[in-house]
Amino acid sequence: MSIDPATLKRLQTILPPNCLVTDPRAKKPFETDGLTAVKQMPGVVVLPETVEQVRAILRVCREQRVPVVTRGAGTGLSGGARPQADGVLLGLSKLSRILEIDPDNRIARVEPGVRNLAISDAVAQYGLYYAPDPSSQIACSIGGNVAENSGGVHCLKYGLTVHNVLGLTVQTLEGDELVLGGATLDSPGYDLLALMNGSEGMLGVVTEVTVRLLPVPATKRLVLVAFASLEAAANAVGRIIASGIVPAGLEMMDARAIAAAEAFVGAGYPTDAAAILLCELDGTHDEVDDQCGQVQRLMKSLRATDVRVSSSDAERDRMWLGRKAAFPAVGRLAPDYYCMDGTIPRARLGEVLRAIEKLSGEFELAVANVFHAGDGNLHPLILYDANAPGQLDRAEKMGGRILDLCVAVGGTITGEHGVGVEKLDSMCGQFSAAELEQFHRLKAAFDPAGLMNPGKAIPTLARCAEIGGMHVHRGVVAFPELERF
Amino acid sequence: MARDRDDSERVIAAVGEALAADAPLAICGRGSKAFLAGDSGGAMLAIGDHSGVIDYRHDELVMTARAGTPLVELRRLLSAQQQTMAFDPPTFAGDGSLGGAVAAGLSGPGRPWYGALRDAVLGVTIVNGLGERLRFGGSVMKNVAGYDVSRLMVGALGTLGVLLDVSVKVLPLPRAEATCVFELDREAALARVVEWARTPLPLSATCHVDGRLRVRLSGTEKGIRAAAAQIGGEQLPHAAKFWDSLRDQTHRYFDGARPLRVALPSASAFPDVPGEWLTEWGGAQRWLKTEVPAAEVDAAARRLGGRATAFGGRSNGYQPLDEGALKYYRRLKHAFDPHAILNRGRLFAEIGREERARTA
Chain A
331 MSIDPATLKR LQTILPPNCL VTDPRAKKPF ETDGLTAVKQ MPGVVVLPET
381 VEQVRAILRV CREQRVPVVT RGAGTGLSGG ARPQADGVLL GLSKLSRILE
431 IDPDNRIARV EPGVRNLAIS DAVAQYGLYY APDPSSQIAC SIGGNVAENS
481 GGVHCLKYGL TVHNVLGLTV QTLEGDELVL GGATLDSPGY DLLALMNGSE
531 GMLGVVTEVT VRLLPVPATK RLVLVAFASL EAAANAVGRI IASGIVPAGL
581 EMMDARAIAA AEAFVGAGYP TDAAAILLCE LDGTHDEVDD QCGQVQRLMK
631 SLRATDVRVS SSDAERDRMW LGRKAAFPAV GRLAPDYYCM DGTIPRARLG
681 EVLRAIEKLS GEFELAVANV FHAGDGNLHP LILYDANAPG QLDRAEKMGG
731 RILDLCVAVG GTITGEHGVG VEKLDSMCGQ FSAAELEQFH RLKAAFDPAG
781 LMNPGKAIPT LARCAEIGGM HVHRGVVAFP ELERF
Chain B
8 MARDRDDSER VIAAVGEALA ADAPLAICGR GSKAFLAGDS GGAMLAIGDH
58 SGVIDYRHDE LVMTARAGTP LVELRRLLSA QQQTMAFDPP TFAGDGSLGG
108 AVAAGLSGPG RPWYGALRDA VLGVTIVNGL GERLRFGGSV MKNVAGYDVS
158 RLMVGALGTL GVLLDVSVKV LPLPRAEATC VFELDREAAL ARVVEWARTP
208 LPLSATCHVD GRLRVRLSGT EKGIRAAAAQ IGGEQLPHAA KFWDSLRDQT
258 HRYFDGARPL RVALPSASAF PDVPGEWLTE WGGAQRWLKT EVPAAEVDAA
308 ARRLGGRATA FGGRSNGYQP LDEGALKYYR RLKHAFDPHA ILNRGRLFAE
358 IGREERARTA
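Protein chains in written order, with our numbering: chain A, 331 to 815; chain B, 8 to 367.
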């Protein structure tokens with residue numbers, strides 16, 4: 331299958347040659363996103379330079395009834411940008427201008443292809459920054475962040491993308507331009523702005539984003555705390571929150587992740603610890619002073635084996651280094667790893683980590699845990715070797731079991747990476763048929779023809795029926811030993 | 008405490024019966040915001056008895072409660088654990104339910120710094136217009152599975168579903184607060200606030216009215232002492248009373264005819280309209296008492312990148328509709344409530360009537 335000639339011809343008339351990619355070698359980089367196990371050569375790649383071109387492309391797709399998949403920087407981790415063999419891959423990387431910086435209103439208006447970090451870089455001269463910082467922030471684009479409602483290390487205090495986007499311009503497949511929100515707060519009417527965040531390119535194409543900027547905190551300090559057991563570390567997370575402190579970031583790493591990070595970058599982490607917490611506190615000097623003292627006292631009372639506080643920006647950056655390099659560091663332990671993204675209520679951290687350990691034994695695959703403990707967002711990394719027969723399959727099955735576990739304790743299958751194609755099956759376990767049908771009707775309100783990113787994010791009922799046995803096997807619910815609510 | 012009572016079966020049955028009889032329902036929580044929403048006709052579906060806290064753990068920062076639970080009781084429960092709904096929903100006439108707060112989508116004086124009510128909503132259970140009980144979102148901070156239907160319910164005035172329960176993020180109460188007062192005219196006050204908002208001060212609310220600017224600082228004791236010393240001004244005693252009166256519109260500025268709500272970019276100049284202003288949210292929300300018609304104020308606000316809307320009171324309210332979005336509003340209404348059973352004609356009058364004509 332490939333793109334039909336009539337569609338290609340029409341695209342050639344509306345786009346200059348440098349905006350159209352048809353050569354298979356040139357199309358190759360677009361066959362996958364950050365979920366590299368999923369590959370599909372696109373029918374054609376279009377790289378518009380103007381919003382007018384985006385609108386013209388959508389018109390062609392609508393009239394030719396050709397599917398269109400929108401792509402940002404291609405760093406997504408759930409296959410949300412997997413192309414269609416007979417479709418158009420709409421890359422927005424050339425729409426990369428910062429249109430306006432308004433320091434008095436603390437906003438920036440940018441095109442969707444602007445890189446996340448480029449926004450903070452551009453506004454640093456005003457003492458401002460853009461808060462959400464997914465780990466791919468050096469490469470990922472703001473349009474992609476909106477599509478996935480991306481998070482990062484600082485969500486607990488500063489929120490996800492949806493909390494930091496004030497306005498969007500969205501093009502629908504039917505040719506309408508929706509201007510949602512803007513420089514003001516809380517417009518009357520349905521909150522389509524919130525709805526677009528995390529909609530995975532299923533409802534429209536974002537062509538402009540107004541982001542909220544925050545003053546750079548006067549001080550940031552990092553407290554590193556080591557524990558002799560995972561449970562003790564998990565318990566400490568809840569105690570920090572309960573004590574009335576909302577840390578800017580609260581991360582956890584287990585022994586395998588600590589060892590890998592140490593071997594990779596030598597951040598000075600205690601390698602004899604079963605787990606470490608990294609607790610970042612920010613604010614004015616006096617506030618951070620107060621909170622640092624409070625956290626240190628609390629951690630000592632919870633029998634931490636080691637408590638260190640950064641005394642300079644350089645030391646703080648060094649202490650963060652091991653966490654920031656954790657994924658590539660774990661990547662050195664095995665040829666491949668599979669990154670999960672479930673979120674659970676914090677109180678269940680200890681038992682869920684134990685259950686993951688058990689699954690690791692059952693599937694004979696090692697797991698390293700690096701995650702956003704403060705908001706309960708787990709990133710178990712399942713280590714495997716794609717060249718060893720059966721290992722990828724085992725890793726995927728084990729991943730599915732971990733997500734079932736997250737749902738069983740009252741959590742969710744994805745905290746920040748999205749469903750894409752990767753977690754379609756797990757969606758069947760989290761939502762009822764009526765809920766999935768409601769999602770499909772919502773999608774149809776924006777895209778009745780079903781041409782935008784077809785087959786992603788929400789599984790069909792037929793698919794769920796087929797795999798039904800995965801979740802309720804002969805009437806037996808997964809993880810019957812766990813209390814449900 | 009509120010009665011702990013699960014009335015959801017009755018609510019689901021009521022929607023089913025209304026659907027079968029093609030008789031619309033007007034959803035009512037505690038009725039404290041009836042003045043805002045306009046008339047929707049139909050038989051009253053009371054959810055005030057569907058109340059009680061389903062789950063609250065202070066170390067999770069999440070609370071799940073039934074929609075009819077009174078806000079004042081939730082406030083009491085949370086403050087006993089030194090926590091708060093930081094979006095601080097108005098309790099007009101001292102009342103209001105959690106479901107009503109979500110349906111109206113209103114937030115208090117701290118909104119620019121703590122986030123809006125919609126920011127804190129993590130999950131909902133609803134009954135849609137087909138009488139189906141549906142759960143979206145969850146009780147965890149981060150959740151991107153499926154479309155964000157939970158936040159779509161915020162401000163939808165019950166037109167997309169009857170809320171059964173809601174999970175919201177709560178926050179620790181600040182350990183210390185101070186409110187500093189400055190004698191300034193409204194332009195000078197705005198300039199001051201805009202300048203401070205660009206710096207990392209622990210601001211949590213601002214309000215200018217009657218020639219006085221009040222600035223609230225929230226944080227740790229040492230942090231607030233230092234910040235208050237830095238910005239200066241007189242300290243306001245019993246400041247919580249003032250901020251509550253602003254939130255609940257019991258401050259004397261709100262006596263008499265209800266002012267227009269003018270949403271503007273926070274640093275924007277004031278629209279050139281005669282009247283009496285109250286400025287809050289760092290400049291992003293301003294209230295105007297004026298004789299000038301709402302449509303004219305709106306036109307002036309739009310020239311500055313803002314909007315003016317009536318906040319109840321005037322006949323049916325002035326809620327100018329965004330033409331581009333209307334088509335999608337209608338379709339969303341249809342996707343959730345195809346027979347326009349729920350709060351028919353509310354929010355945007357056109358939706359209920361036209362959907363009904365189409366599906367009849």
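A portion of the hints provided could be inaccurate.
What the hints assert, rightly or not - Taking lysine-lysine and the PhoX-like style, the derived pairs with C-alpha atoms no more than 25 Å apart in a straight line are:
id	chain 1	residue 1	chain 2	residue 2
1	B	K334	A	K550
2	A	K487	B	K229
3	A	K630	B	K229
Source of the hints: derived by calculation from the structure; they are not laboratory data.
Checklist line | Given hint A:K550 paired with B:K334 - CA-CA distance at most 25 Å | finding: violated (47 Å)
Notebook entry, point to check: Does the structure keep A:K487 and B:K229 at a Cα separation of 25 Å or less?
Noted result: holds (20 Å)
Margin query: Given the hinted pair A:K630 and B:K229, is their Cα-Cα distance within 25 Å?
Written below: holds (22 Å)
Going down the numbered hints, you'll see the structure goes against just number 1.
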